[in-house]
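Asker: Make the full structure from the sequences, and use the hints.
Protein chains: 2
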Amino acid sequence: MVKALILIADGTEEMEFTITYDTLVRAGVQCTSAFVPDSATPPPVPSSAALLDTTPESKTTPTLVECSRGVKILPDTTLDPLKAGPDIYDLLVIPGGLKGAQTIAGSSPVQHLIRAYHEYPERRLIGMICAGSLAALQASLKRQPLTSHPSVKAQLEDKFEYKEDSVVVSDRLVTSRGPGTAFPFALTLVELLFGAEKRDEVRGPMVFPVGTPW
Amino acid sequence: MVKALILIADGTEEMEFTITYDTLVRAGVQCTSAFVPDSATPPPVPSSAALLDTTPESKTTPTLVECSRGVKILPDTTLDPLKAGPDIYDLLVIPGGLKGAQTIAGSSPVQHLIRAYHEYPERRLIGMICAGSLAALQASLKRQPLTSHPSVKAQLEDKFEYKEDSVVVSDRLVTSRGPGTAFPFALTLVELLFGAEKRDEVRGPMVFPVGTPW
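So the sequences go chain by chain: A and B. Numbers given in my numbering equal positions in the first sequence, counted from 1, plus 322. Numbers given in my numbering equal positions in the second sequence, counted from 1, plus 322.
Fair warning: there could be bad hints in the mix.
The list treats identical chains as interchangeable, and a pair is accepted whether it falls inside one copy or across any two copies.
Said to hold, decoys possible - No more than 25 Å apart at the CA atoms, straight line, and that leaves these computed lysine to aspartate or glutamate pairs for DMTMM-like:
no.: 1; residue 1: Lys325; residue 2: Asp493
no.: 2; residue 1: Lys485; residue 2: Glu523
no.: 3; residue 1: Lys421; residue 2: Glu523
no.: 4; residue 1: Lys421; residue 2: Asp360
no.: 5; residue 1: Lys475; residue 2: Glu523
no.: 6; residue 1: Lys475; residue 2: Asp522
no.: 7; residue 1: Lys464; residue 2: Asp412
Derived by calculation from the structure, the hints in this document are not laboratory data. Bear in mind the structure is a predicted one, so any value in this text is a computation, not a measurement.
Answerer: And the structure:
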């Protein structure tokens, strides 16, 4: 079964998080959302039971997240870098929302994970949307095509081949712009994982208006 | 301040809920999400403090909701019909997701609230999206133009002037079709509450792709 790890922090954009999670589930992906604490917050002390538990889906100390516009989401688990790697998941997703993206992109364990997904021998995908693209910079990914929310373009355009397209696919790195591009972002991830037919199968029952350009 | 009450139940479609809540917050609406228990579940016994508290925003016994594709959302409060009327809120929203919509539409207090919003002397709005439109039927609203997710059309087309438009505005009742129409649904509510200029102001930073038809 294809597995996705979707990161979330206080201040994550709830539409970008939810549209990606929900669309991937509709495609049959097993999604796990993982809370990334602010680096100012000490990490939870794992219980002895958690230390013994080596299953990837173990649910350790989930923390309620307050998203950017006040929706409160309970993540499936708290990020454990030892159970979050490209040996377990096929896809790593970093949503936007400036405050949440800064927390996620500023996390040293997340930066290591991004590089691990980027360099893994088998092909893995990394999705970043909106201010989430700041994580490509913080993880020191090589210069390649990328987009982001316009509000963080100035931080990215020197280090990457900055594009204004709604979704930019650069080998393993898939980037996008904001809540308004979250559906084409998520559907592009579905297509890259399963092909165009599955994308159409997921898209149909969502009932997009006639003339929607994705 | 304009206030919206957005209902949520186990099985609510998380994209429809979140897109509406977030978009309204971006427009400056004070949003309150209220949990509607399944009628099979006994209502929580209010504490004496809750009985003394008459503020509309009082947070009584919020219950974690498991949405249709597994996202877990903590509502702002549990529905208290005495603090949910058109004397307090300007807008009542009922999202889809078949199981959640059936719970919400089947709730007798919700049916009374819908009629109260429909008939209130001052103009109030009622938004229903996807299977949420079943609530218009259950509340016995008068025959008028309406749309819904195609999967529940057969239950609605005899009692309403059924339309296939992405968003249908019938005086106070605003209906829509599915996750793919949730953005135009939410932006239509913003426009009805505040005008076209505010709609454009909210829409811009969302960065919809060129050619998006809303």
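Asker: Now tell me, hint by hint, if it's right for this structure.
Answerer: Going through the hints against the structure:
1. Lys325 - Asp493: Within one copy only: 19 Å inside a chain, 45 Å across chains, cut-off 25 Å.
2. Lys485 - Glu523: between (29 Å within a copy, 24 Å between copies)
3. Lys421 - Glu523: between (34 Å within a copy, 21 Å between copies)
4. Lys421 - Asp360: Within one copy only: 10 Å inside a chain, 36 Å across chains, cut-off 25 Å.
5. Lys475 - Glu523: between (34 Å within a copy, 20 Å between copies)
6. Lys475 - Asp522: Answer is between; shortest inter-copy Cα gap is 22 Å, intra-copy 31 Å.
7. Lys464 - Asp412: Intra 20 Å, inter 50 Å, cutoff 25 Å: intra-copy only.
The structure agrees with every numbered hint stated previously.
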